[in-house]
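Chains A and B, in that order, give the protein sequences. Residue 126 in this note's numbering sits at position 126 of the first sequence; the count goes up by one each step and never skips. Residue 242 in this note's numbering sits at position 242 of the second sequence; the count goes up by one each step and never skips.
Hint data in this document are derived by calculation from the structure and do not stem from the laboratory. Keep in mind that this is a model prediction, so the values were computed, not measured. A few of these clues could be false.
Claimed, not checked - Quick list of the computed label-pair ranges, beta carbon to beta carbon:
id, chain 1, residue 1, chain 2, residue 2, range
1, A, R13, B, Q153, 34 to 42 Å
2, A, L142, B, G268, 32 to 40 Å
3, B, A218, A, R84, 53 to 61 Å
4, B, A218, A, W140, 19 to 27 Å
5, A, R71, B, E21, 50 to 58 Å
6, B, L278, A, R197, 25 to 33 Å
7, A, R197, B, Q153, 57 to 65 Å
8, B, F56, A, W140, 21 to 29 Å
Just so it is clear, CB atoms sit at the ideal spot from N, CA and C, and this is done for glycine as well.
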Amino acid sequence: MNDGILRYNLVERVMHWIAAITYCYVLLTGLAFYSPHLYWIATLLGGAPTSRYWHPWVALVFTAVLFWMLRQWLGDMRITPQDRAWGDAVGHYIRNEDENLPPIDRFNIGQKYFFWVMLYSGIVLVLTGGVLWFPELIPWSLRSLRYAAVLLHVSAALISIGAFIIHVYMGTAVVRGGFTSAIRGEVSPAWARTHHRLWYHRVTGR
Amino acid sequence: MSTGALRIQRASGHAGPIPGEDTQRRMQVAKLIDTTTCIGCKACEVACLEWNDLTFRDTVFENSYQTMPETAWNYWNLIKFNEHQRDDGSMMFLMRKDQCMHCADPGCLAACPAENAIVQYQNGIVDFQQEYCIGCQYCVTGCPFNIPKFNSQTKKVFKCTLCSDRVGQGLEPACIKACPTGCLHFGTKDDMKELAETRAQQLREHSGYANAGVYDPAGVGGTGVIYVLHDITNPEAYGGLPSNPRVPWTVRIWKGPLKWLGNLAMIGGLIGVTMHYLRYGPKHVNGSGEEGGRP
Chain A
1 MNDGILRYNL VERVMHWIAA ITYCYVLLTG LAFYSPHLYW IATLLGGAPT SRYWHPWVAL
61 VFTAVLFWML RQWLGDMRIT PQDRAWGDAV GHYIRNEDEN LPPIDRFNIG QKYFFWVMLY
121 SGIVLVLTGG VLWFPELIPW SLRSLRYAAV LLHVSAALIS IGAFIIHVYM GTAVVRGGFT
181 SAIRGEVSPA WARTHHRLWY HRVTGR
Chain B
1 MSTGALRIQR ASGHAGPIPG EDTQRRMQVA KLIDTTTCIG CKACEVACLE WNDLTFRDTV
61 FENSYQTMPE TAWNYWNLIK FNEHQRDDGS MMFLMRKDQC MHCADPGCLA ACPAENAIVQ
121 YQNGIVDFQQ EYCIGCQYCV TGCPFNIPKF NSQTKKVFKC TLCSDRVGQG LEPACIKACP
181 TGCLHFGTKD DMKELAETRA QQLREHSGYA NAGVYDPAGV GGTGVIYVLH DITNPEAYGG
241 LPSNPRVPWT VRIWKGPLKW LGNLAMIGGL IGVTMHYLRY GPKHVNGSGE EGGRP
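Throw the hints in and build the complete structure from the sequences for me.
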């Protein structure tokens, strides 16, 4: 580990875990309001009125972190021609034939899509969530906004959940070393060479 | 505002059947409001406050006889005044008692995620049980009549109960009791419907209101509050009574197909990643002895 390469600095890691915890909270409380079969989750989290009270406030923290991430990682998250070449070969990635993949920079196209999906669904969620938070501030003549908001809020949430499942699965089970990098910030040179060769060359100069 | 004397047939946020559902046959009740004989005295507004122990709110003057623009969390019954110009240029006052319509197919109940916060009794009364309310205000979005109102202090939603506590004891609602002109009636839905139709016919045949009719909108399965209107073709003139109220289609999709699609997608996603792991397992990094590398 002494020759570890810094992949995420401390602030990035802290922000990631604030996002993770706040997302899990709004996910769980949101699921409780989503289905009667999952309403018990709200009971576990201190009761449904409490869950309803904190859901939007915690969501605001999550949204703030999302925009911090946008500012921090915008340069890294743009999709490049190398990413597209990698994306065309994603079947190899899925089948763990990583030696057949073209080299890429700090993030692969899947991570980039995850970022953009979370950002855009987060924006939809916070805008529609505002309508759901204060429906009585929407005049009766504009009530179609409320009608649109309930549908869009759930749709965006479901899309983000899909992305979230894959993100957690990849980060913990599949890409060994990924979870450690999100905690301690460092990856091994071999890891960097295997998964992000262009980034490895860029940061090490090797 | 629950009452033990009434049996519940539908409850919000409830998975599975309702205990005791359909074990008893019970008459549907209805309130009949004859707008043609309402004089706008607001006795019903006062009676509602008195019986339900609500304090009087500040009134809002908007160049009309109306007490305030719309109902409020502690003001469930409001006479809407509208000056209406007829085709011949003459003026008429349209007065409509506005309150919860007690829909047979209530949008508030469909939208509510909190178990038992909104119930429908077997007599058709739709009631909010505030002890279960979580203050999400989805009912505000689900209601096509703009009735549920939020108390931002207590984070609970309130509306007319059709005096379910009185009805459960065999009494008529307080507003009915107070009406001096007899424009308010209470009884079984069938009786009220018949009375309303008779009155509408009378208005058509003897009073020159050719379009008189009964407002019992089918879009929400009929309502537990029905109106006799001078002009059934223009309910909007009566303080914005919707001509074809429906539970918003987005609420239907949200609570129907989207729920199943979403559940399938989430469960499918979890099964999908599990299957991927079983088939392909973790990724190995070339170069042994390093973090994340092959052991």
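We went through each hint and held it up to the structure:
no.	hint	verdict
1	R13/A / Q153/B: 34 to 42 Å	holds, 41 Å
2	L142/A / G268/B: 32 to 40 Å	holds, 36 Å
3	A218/B / R84/A: 53 to 61 Å	holds, 55 Å
4	A218/B / W140/A: 19 to 27 Å	holds, 22 Å
5	R71/A / E21/B: 50 to 58 Å	holds, 55 Å
6	L278/B / R197/A: 25 to 33 Å	holds, 29 Å
7	R197/A / Q153/B: 57 to 65 Å	holds, 60 Å
8	F56/B / W140/A: 21 to 29 Å	holds, 24 Å
Violation of the numbered hints given earlier is absent; every hint is satisfied by the structure.
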